[in-house]
Amino acid sequence: AQRVTQPEKLLSVFKGAPVELKCNYSYSGSPELFWYVQYSRQRLQLLLRHISRESIKGFTADLNKGETSFHLKKPFAQEEDSAMYYCAPLGAGSYQLTFGKGTKLSVIP
Amino acid sequence: EAQVTQNPRYLITVTGKKLTVTCSQNMNHEYMSWYRQDPGLGLRQIYYSMNVEVTDKGDVPEGYKVSRKEKRNFPLILESPSPNQTSLYFCATVAGVNNEQFFGPGTRLTVL
Numbered sequence: 001a002q003r004v005t006q007p008e009k010l011l012s013v014f015k016g017a018p019v020e021l022k023c024n025y026s027y028s029g030s031p032e033l034f035w036y037v038q039y040s041r042q043r044l045q046l047l048l049r050h051i052s053r054e055s056i057k058g059f060t061a062d063l064n065k066g067e068t069s070f071h072l073k074k075p076f077a078q079e080e081d082s083a084m085y086y087c088a089p090l091g092a093g094s095y096q097l098t099f100g101k102g103t104k105l106s107v108i109p
Numbered sequence: 001e002a003q004v005t006q007n008p009r010y011l012i013t014v015t016g017k018k019l020t021v022t023c024s025q026n027m028n029h030e031y032m033s034w035y036r037q038d039p040g041l042g043l044r045q046i047y048y049s050m051n052v053e054v055t056d057k058g059d060v061p062e063g064y065k066v067s068r069k070e071k072r073n074f075p076l077i078l079e080s081p082s083p084n085q086t087s088l089y090f091c092a093t094v095a096g097v098n099n100e101q102f103f104g105p106g107t108r109l110t111v112l
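Protein chains in written order, with this note's numbering: chain A, 1 to 109; chain B, 1 to 112.
Warning: the hint list may mix true and false statements.
Claimed, not checked - Label pairs and their calculated CB-CB ranges:
#1 A/Q45 / B/G16: 29 to 37 angstroms
#2 A/I51 / B/E70: 27 to 35 angstroms
#3 A/R41 / B/M50: 24 to 32 angstroms
#4 A/K15 / B/E30: 39 to 47 angstroms
#5 B/A95 / A/D62: 20 to 28 angstroms
#6 B/L88 / A/K57: 21 to 29 angstroms
#7 A/E80 / B/L88: 18 to 26 angstroms
Said to hold, decoys possible - Anything over 10 angstroms on all C-beta distances counts as not near chain A; from chain B, calculated:
#8 A2
#9 P8
#10 L11
#11 K17
#12 S33
#13 Y64
#14 K69
#15 R72
#16 T86
#17 E100
#18 Q101
#19 V111
To be clear, the hints were calculated from the coordinates, so they are not data collected in a lab. Keep in mind the model is a prediction, meaning the values are calculated, not measured. Ideal Cβ placement from N, Cα and C applies to all residues, glycine included.
With these hints in hand, go ahead and build the complete structure from the sequences.
Set out below in structure tokens:
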């Protein structure tokens, strides 16, 4: 069965500290991996996708196929990074995202 | 401007009173989807539609109906709402080019 695990419900870090939000997936085939972010009282929006290999707002994510992980990282957290983050794999040839339960990141000033 | 709109944004209703939440997109996307978001459970897909007149169940379809009579609209229908359907609902479309999902602003529904 397709499964996404985000082990931390809540992650609190101090401003300027490094951040790592974990995501592990169990998926048949080779899924495409996404991170979505939801700022307070706003709609979800795409943060980054693994195949583009780009850095958005200082965040990066490396797909580790051996460990089936797609952890989201940022070297120096900012207060505006406080939000809910969702990891979401997409099966090949499909439009159906499977969302993890999300991690709430709180950056302490 | 490319956008997904939902109406209403907030709704308080009573058990058993039929309601419809509308979703509209102006991006000519074929794929549309409905999710509900609940604390600790993340987003769960209710229904999706690959194209006009093509709809299918997601992970939590019980108590919901949808229709797709035209490409731009994908209404979510609750024939007889119950308190366990109190939730935040999001409509989404997918850009076929890069598989990015575009979300609506959300509809917060409370069923008393």
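- Enumerate the violated hints, using their earlier numbering and listing them in ascending order. Hints 12, 17 and 18 are the ones this structure does not satisfy, whereas the remaining hints hold.
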